[in-house]
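J.: As a plain string of letters, each chain reads:
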Amino acid sequence: MGYQTDIIGKRVVRTDSLAKVTGTALYTADMKLPNMLVAKILRSPHHHARIVKIDTSPALKVPGVKAAISGFDGYGIKWGVFRYTQDHAMLPTDKVRYIGEDVAAVAAVDEETANEALSRIIVEYDPLPAVFDPIESMKDGAPQIHNEYKNNINIHIHIDVGNVDKAMAEAFLVREDTFKAAGEAYAMMEPYAVVASYANGYLDLWMPNAGPHVRAKALSNLLKIPLNRVRVRHINSGGAFGGRSEVAPGDLVASLLSIKAGRPVKLVLSREENATSSRQVHDIVAVVKTGMKKDGTVIAKDYKVIYDGGAYSSTGPIATSIPFYVYEECYRFPNVRYNGYRVFTNKGIRGMYGCHGRAFLAGNEAQMDIMAKELGIDPVEIRLKNGLTAGETTATKSKITSCGLAETIRAASEKTKFKERWAQKEDNKGIGMGCIAIMCGFPMGFRSGSSCYVKINDDGQVTLVTGLVDNGQGNESMVVQVASEVLGVPMEDINLVNADTEVTNLDPGAYSQAAAFVGANAVKAACENARKRIVSIAAEKLGTEENDIGLKNRMAYSISMPDKKMPISWVVREAFFRGEPIVATGSYFPNIDFEREWVSRPWGQMAGTFSFGTSVAEVDIDPETGKITMPRFTAAHDCGRPINPMAVEGQMDGSIQQAGVATITEGNVWDNGFLLNPDLLEYKVPLACDMPEIETLIVESHDPDGPFGAKEGGLTVRMNAYSAVACAVTNATGKLFSELPLTPDKVLVLLDDNKGVKG
Amino acid sequence: MILPKFAYAKPKSIDETIELYTRYEGRACYLAGGTDIIPLAKQRLVAPDIVIDLKNIEGLKAIEKNDDFLIIGANTTIFDLKKYPLTKEYFRGFYESLDETSCETLQMRGTIGGNILQNTRCLFYNKSIEWRTARGFCFKMGGAVCNAVPKGNICFSNYCSDNAVSLITLSAELGFVSPKGERRINIEEIFSGNSIKPFNLEPGEILTRIYIPMKKNSGAYEKIRVRGSIDYPLINVAVALKDSGGDVSIGGVGPAPLSYHIDSVDENSVEALAQKAYSDVKTVANTVLTPSYRKRMAKVLVKRAIKRALQEVK
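In order, the protein sequences belong to chains A and B. Going by the working numbering, the first residue of the first sequence is number 2, and it counts up by one from there. Going by the working numbering, the first residue of the second sequence is number 44, and it counts up by one from there.
Hints were generated in silico from the structure; no laboratory data involved. From a predicted model like this one, the values you see are computed outputs, not experimental measurements. Note that the Cβ used here is the ideal one computed from N, Cα and C, for glycine as well. Among the hints, erroneous ones may be present.
[What the hints assert, rightly or not] Partial list, derived from the structure: chain B residues whose beta carbon lies under 8 Å from chain A:
(1) S171
(2) W174
(3) I267
(4) G271
(5) I273
(6) V331
(7) Y336
(8) V343
[Unchecked claim] Below are the DSS-like pairs computed for lysine-lysine, each with C-alpha atoms no more than 30 Å apart in a straight line:
(9) K33/A <-> K85/B
(10) K426/A <-> K108/B
(11) K131/B <-> K259/B
(12) K346/B <-> K426/A
(13) K628/A <-> K319/B
(14) K85/B <-> K628/A
(15) K126/B <-> K628/A
(16) K181/A <-> K325/B
(17) K628/A <-> K346/B
(18) K338/B <-> K430/A
(19) K85/B <-> K21/A
(20) K181/A <-> K338/B
(21) K342/B <-> K736/A
(22) K48/B <-> K62/A
(23) K126/B <-> K426/A
(24) K430/A <-> K85/B
[Claimed, not checked] Listing some non-contacts, in silico: residues in chain A with all C-beta distances to chain B over 10 Å:
(25) N116
(26) A424
(27) F447
(28) T545
(29) D754
Using the sequences and the hints given, assemble the complete structure.
T.: Given below as structure tokens:
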């Protein structure tokens, strides 16, 4: 039931596009404040070492240096996303735990002076044995990276539903495979930067982030400054992808330097620092065991997944769980056991990349195809058979409301003539399918909801105030579009104030895929409350019933007698006259089971709703070089209802690059704890010439709770694209991948195995 | 990353250039397009007192020809050289290597001289000063180890010019001017075989011209890289067919290109050559993708390049 809308569902120019394409959009590194200083960070040259002593005083003797700090200048408070993962001091005073870790910093009048000052800082280290492989790290006798975590096991997630062992014993077909993937780099185009300005007891900050309130709270704790005096301001963000969700050492560094120097401080990371010293993506080893009935019904899954977490917890249990959840939200698993281990190693800190987990997700999908084939079932059939439908409940007790999974499978399959193509045996050509579900939000305590405030100014123009965050995906434009629909004024009449902790209220941020479902719902609620006030006055003035009033094109009008109308601005002025200006708030709190805990109680309603998607990749393999080319990629995404179809398509297109083509090109390369490709030459982000022909299909399942039926706008492609590619390679070669990325050297190994050739 | 401090000059003549170089007692770097030297300077792998920009020197950007040679000024950009009508018509393999160099935007900046004289590369070498300090300095940086090959006793960094290999197959010559005078040598003679100092050049020597014998050659160029643009060759092969046989050159693997001549391009000769190339090529784990894969591709690319060059003849 898609009801009539004026602007929802239309392809509109985004509110941020003009500034961004003309180069006038302001990013953190562009900021210039009076008397601003340049900060530089001194980083650990050791994988693992005790800090014996840090002496920053020689740095202060360099002319032009205004402050020099180390962890000893803070309060020694350790931060963590959870109370049980508080292990990150930002600037350590006990040990360094990875090459590139932040140790000390200076603020100076220019970059050259700062570099000179850094070279004067004295740090004495006592090197310790280090460990780089998570399997080695878990063994008894391995170097302990944190005292609190025995065997370097940061988090163990254990989920056990039904009776897996019994079901496996009864299964007709059982298969177990191990899949590995190198962690990716976020490679956001904007390297991390932060501006901190401390004055008059207030600390103002700008940085690309996914949630300013979470930052402010963390810094308030770390610096013992009251929360209302830590203000994280709105600034454009050049991409995050899950890598900018938490407070960063750079935030504390810039803040401490500004406090000490009494001047604003700007810290800009180099591309290399962004790769080594902000977030990386987990390397993963996933053991997937599946039990299937003869008719292809999956009856049991048994998982053991090891996540290489790097040196600190970061999101800890969330990262250790999420790949499992997006998969169990897509398929029916009556019996499932999941053991996820996040393990510390002496490498950079790992976070989530979208919902991350390409080894696990692609492995599941490719294994399913190969098992289904043995049973005479094709990938479309097996997914339709095992895919969840509306009204069902996942293994960990999340109820599915709207579900377009089957529609996305059919749409992608028809568009690509999948069934025929898959059945054809064409040498070195393959077609593959990947499915996934995405939770629209997840339990984050009281931060799971969003709140919006709207005011209408006396000329009928609107100001929206919301905590919602935009990292480049178009969230800001989306809520302006929603407000435009509800209030009947064009988008250009609406100003948005967002992601500013002093002004805007709580919101999940660009995190947990909640912007459309939660953030936009709050905006819609606020605007509807404002609309009621407008309608009430207009009805009175126009002499008609309230339910006869429509708002469109800046006018309030009688629906039955459209000639009876008045500008909304007149209504607003009338309201002012009455001493009751048109202002309203609205909130949305999703239906989540807040008793859910990632580790201790991993079941209950995860999110208010879920999106679903299916991708189809087509590959050609050069049998002599192993090089894969991708002539075509088709993605179908159930976003409930697109608010701006162009924005949804943009997300899908970008994900095809970032997850689809990346399956054959992208991976961090390590030499123990040294990152060998911390740059955009050797880290292979797919280029325009590497891209396939793209087809994006939007499926509408009209979510009953989403704003205008909308759900998240495109992340399914980022989480199923690698599955589609891996499955296509399986179709082409008859083999399962064992390791991602599927670079040419690895593909040749696969093909060699086919021929029984070694080497 | 900011550049280190250096003086900068843009002389108008060779004489002026040499005078500057001598005055700075060799603590100078020559700058053409800058695509090699700017990253090296930012990473503090070079730290000259003066950067001498060669782009104003008259005559180094011209392309001329006489009956015997095509004479290319060293400052000619890759892009201009690719677009020069004769290139594709006479030297097909060279045209292909120019077209496959990096990406078109950088082709418009990089010069053929700079492309030939680019420094060797290694994942452990082309890194910032901070990264390298933490890792420890290697042979190429003046240290005492190889970071890519534990217990290695030589430098294994790779010479990655796309175009040197095709120029080798075309028997190209290079013209130089130095404080000691002028010389003109076959391109293969510039390679020292030592990755620490890859070129046999006199201090201050300026590459002025590239001479290619004016003879139509059918040829081909093959390159392995992960992406379809920008990336350096992980291994490359150039072929130029001559009379009944041909010349083949392989690069991206070690300090200098390998080169071969075959008298015949029949299947057996090609197979034998491919086998020999595979056996000669030495790769180590100093690039992305495995060394055994790169070595294996020597064989594949030699056969492919010759096959395509032969198709072009038809």
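J.: Now tell me if each hint is right for this structure.
T.: Now the hints, each set against the structure:
1. S171: Holds, because the Cβ-Cβ distance from S171/B to chain A comes to roughly 5 Å (cut-off 8 Å).
2. W174: With a closest approach of 7 Å, the W174/B hint holds.
3. I267: I267/B check passes; min Cβ-Cβ to chain A is 7 Å, inside 8 Å.
4. G271: The hint holds - G271/B has a Cβ within 8 Å of chain A, the shortest such distance being about 4 Å.
5. I273: 6 Å, holds
6. V331: Holds: closest Cβ of chain A sits about 6 Å from V331/B, inside 8 Å.
7. Y336: Status holds, d = 4 Å.
8. V343: 5 Å, holds
9. K33/A <-> K85/B: 24 Å, holds
10. K426/A <-> K108/B: Cα-Cα ~54 Å, so violated.
11. K131/B <-> K259/B: 10 Å, holds
12. K346/B <-> K426/A: 28 Å, holds
13. K628/A <-> K319/B: 24 Å, holds
14. K85/B <-> K628/A: This hinted pair is violated, its Cα atoms lying about 33 Å apart.
15. K126/B <-> K628/A: Given that 30 Å is the threshold and the Cα spacing comes to 29 Å, the pair holds.
16. K181/A <-> K325/B: With Cα atoms ~29 Å apart, K181/A and K325/B stay inside 30 Å; holds.
17. K628/A <-> K346/B: Roughly 17 Å separates the two Cα atoms, so the pair holds.
18. K338/B <-> K430/A: 26 Å, holds
19. K85/B <-> K21/A: 28 Å, holds
20. K181/A <-> K338/B: The given pair, whose Cα atoms are some 25 Å apart, holds under the 30 Å limit.
21. K342/B <-> K736/A: Given that 30 Å is the threshold and the Cα spacing comes to 25 Å, the pair holds.
22. K48/B <-> K62/A: Holds. K48/B to K62/A sits at ~21 Å (cutoff 30 Å).
23. K126/B <-> K426/A: 43 Å, violated
24. K430/A <-> K85/B: 44 Å, violated
25. N116: Incorrect as stated: the minimum Cβ-Cβ distance to chain B is 8 Å, not above 10 Å.
26. A424: Consistent with the label, A424/A stays out of reach of chain B, its closest Cβ about 30 Å off (over 10 Å).
27. F447: Given that every Cβ of chain B is farther than 10 Å from that of F447/A, nearest at about 42 Å, it holds.
28. T545: About 63 Å separates T545/A from the closest Cβ of chain B, which puts it past 10 Å; holds.
29. D754: It holds; D754/A is separated from chain B by about 15 Å at its closest Cβ, greater than 10 Å.
Violated hints, in rising order: 10, 14, 23, 24, 25; the structure is consistent with all others.
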